[in-house]
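Use these hints to put chains W, F and Y onto chain E, whose structure you have.
Just so you know, the protein sequences line up as chains E, W, F and Y, in that order.
With the working numbering, the residue at position 132 of the first sequence is 630, and numbering never jumps.
With the working numbering, the residue at position 41 of the second sequence is 51, and numbering never jumps.
With the working numbering, the residue at position 107 of the third sequence is 371, and numbering never jumps.
With the working numbering, the residue at position 28 of the fourth sequence is 10, and numbering never jumps.
Some hints here could point you the wrong way.
Claimed, not checked - Which chain F residues stay away from chain E? Per the calculated CB distances, all over 10 Å, these: (1) Gly277; (2) Glu347; (3) Asp366.
What the hints assert, rightly or not - Ranges of calculated distance between the beta carbons of each label pair, as one might list FRET restraints: (4) F:Gly302 <-> E:Leu527: 53 to 59 Å; (5) W:Phe45 <-> E:Leu518: 56 to 62 Å; (6) W:Leu125 <-> F:Ala383: 50 to 56 Å; (7) W:Phe45 <-> E:Ile710: 14 to 20 Å; (8) W:Leu214 <-> F:Pro291: 41 to 47 Å; (9) E:Lys509 <-> Y:Arg15: 20 to 26 Å.
The set of hints was computed from the structure by calculation and includes no laboratory data.
Just so it is clear, the structure is predicted and the values come from calculations on it, not from any experiment.
Yeah, the Cβ is synthetic: ideal placement off N, Cα and C, and Gly gets one too.
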Amino acid sequence: MSLWEYANPQKFMQTSQAVLPAIWGLTALSMVVGLVWGFFLTPEAENFGSTVKIIYLHVPAAMMAINAWVMMLVASLIWLIRRHHVSALAARAAAPVGLTMTLIALATGAIWGQPMWGTYWAWDPRLTSFLILFLFYLGYIALWEAIENPDAAADLTSVLCIVGSVFAVLSRYAVNFWNQGLHQGATLSLDKQENIANVFWLPLLVCLGAFILLFVALVLERTRTEIRVRRIKALIARERMA
Amino acid sequence: MIALFLRDLALAIRAGGGFGLGLAFFLIVVVLVPFGVGPERGILAAIAPGILWVGALLACLLSLDRIFALDFEDGSLDLLATAPIPLEGVVAMKAAAHWVTTGLPLTLAAPVLGLLLHLEPAAYGWLVLSLALGTPALSMIGTFGAALTVGLRRGGLLLSLLVLPLYVPTLIFGAEAVARGAAGQANATPLLMLAGITLATLALLPFAAAAAIRINLR
Amino acid sequence: MDLTVQDLACARGGLPVLEGVSFTLRPGRALMLRGPNGIGKTTLLRTLAGLQPALSGTISAPPEAMAYAAHADGLKPTLSVEENLRFWARVFGQRDIARALDEFNLTELAHRPAQNLSAGQKRRLGLARLLVTGRPIWVLDEPTVSLDAASVALFGAAVAQHLRMGGSALIATHIHLGFEAVELDLTPFRARPRAMDRFDEAFA
Amino acid sequence: MIPDLGKYAGAVLSSYAITLVLLAALIGLSLWRAARVRRQLDEVEARRTRDD
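If we strip away everything but chain E, and leave its shape as in the complex, we get (with noise of 0.2 Å):
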């Protein structure tokens, strides 16, 4: 049994019905006890005044935003390369659900960004880059939608996908060149998780499950529903041809 079985559409809908009522579970059950523990349960920080809470949402979207455009890219590899129909639509379906965390992040981080730094937006080199990519989604939606034929809007909308990647590291690179930020460094970062004590920390790291799994169910509720609408132009069509 190989993986790509489930790459058919047919599989696809059996398995995501099948697992996705336990993925939704344990996304409400995961985003309620980590944002209880992290809103409610968790003292301030001596920088921060009681803003640290805002981590709990800035940095899990944050995260998110840019893996949900990788994960776009390596389906739109994936749909390339193989010819799976329902990689080149979970791309598609991922899209939106990367926009509104990107929007997630750059409003909190705003928001945040008032009280520390005493402005809500600075050309802030993380700022900008989640801002290029904002345009980066705005763009790959707009594109899914221009395009009638499915096949040629999959393609093309990969062709830019790859080349879009390509041109945001490059744009993260010169941000980074063009102002060197105010954002915090090290102390808020995955890969130096002494610098953060355990009390932001764990309930930290539940966030960012909930986060991973909520965008695991988005994606897959969205996928059977582009799958759907697949469908159903296909049956319409062959009743034009009939």
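Just chains W, F and Y now, kept in the frame of chain E:
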């Protein structure tokens, strides 16, 4: 392939749109800016590198949708796709013709417009150099965007939305090179990055653009 | 120089329109495609020309042997007749355009910009392009649209001359062009909706 | 019940509000469209089996 390049040049010259429109647009953008920010010499000099680069970029954007649209409508693109020259070469020649008709005149006109914005004397050379290095990348990236949207009815606006984020690195390094040059700082890094972006896009994007055209023609 | 098509199926906008098309086109012969509008003549010709992939089946032809001409002539209005023709000649690696101008009675119009030509004259210029490609197998989609009777005769003579010189032609048209040709009616090859019991066939 | 957020209460509360609203909108839209498309597909499938 050279025939194609020459034909595109001839078409641009005879239609009159190619050279004139982009340049006029560039001029208008640069003239409008002082009306917006005020005539103070210091402010204008400070923002001049950025305005000149953004203006050149927008002027470049203006003519992108015509790169393939006319050839698509009159069937030339179908015929070129069945011709013995590779589609990657067609794309590269189209980008080259676009650069000669927009990027090159913009580069040459930029110092004159720099005068209007009180650009620092030290920066004129860097302005021309950075535009000469960077505008080929703008044309090539734009050609890729035009290839993605070639068959679409309302492709113009979408084309801008797709291409502008891709222009970010070129714009940053280009404007930064001029600004550092104006301030008398070392600007070798942004210039090298700019040249690197241009070379990489010229080497790789023709393949992506040709793939996009094949998908759009089928 | 044979063009052989075996069990070809092709699609328009992702939907199968034709299936099981087979024929062989030998040098010196012409094949007329017939069939009602929408049957997929244009789709078949575009598939043969390599502009879109076939769903299944094989097309075997010598490399770079086909010259394709569709409804649109690929002419630039601001270029003269001669410049338009010379451009396509150079793209296909040829030099001589005098014969093409002569055979389609365009010599007198050589210096006129294409935008000042009548519809029929434009069409003749578009077809003259076939001669300067130097390719043996002509794939033509409704070549006689907007041609008057005299121009149709002119075109028929040009195709007949091409066939005599060992070329071949595959033409989708409704009218008789005045030379001997085999006809192929595409109606029996209309794609039938495929069985679609399993979900993964939803994308066909 | 709500912890004392001090002078940053506005920032923290509005962050949570915006995030929850955006997430709810995303989830709501996804589920609504899923239900609508599922209904449409059922309709088309029913039409097909009736015709066969």
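Hint check results:
no. : hint                              : verdict
1   : Gly277                            : violated, 5 Å
2   : Glu347                            : holds, 34 Å
3   : Asp366                            : holds, 42 Å
4   : F:Gly302 <-> E:Leu527: 53 to 59 Å : holds, 56 Å
5   : W:Phe45 <-> E:Leu518: 56 to 62 Å  : holds, 58 Å
6   : W:Leu125 <-> F:Ala383: 50 to 56 Å : holds, 51 Å
7   : W:Phe45 <-> E:Ile710: 14 to 20 Å  : violated, 51 Å
8   : W:Leu214 <-> F:Pro291: 41 to 47 Å : holds, 42 Å
9   : E:Lys509 <-> Y:Arg15: 20 to 26 Å  : holds, 23 Å
In terms of the numbered hints stated before, the structure departs from hints 1 and 7, listed from lowest to highest.
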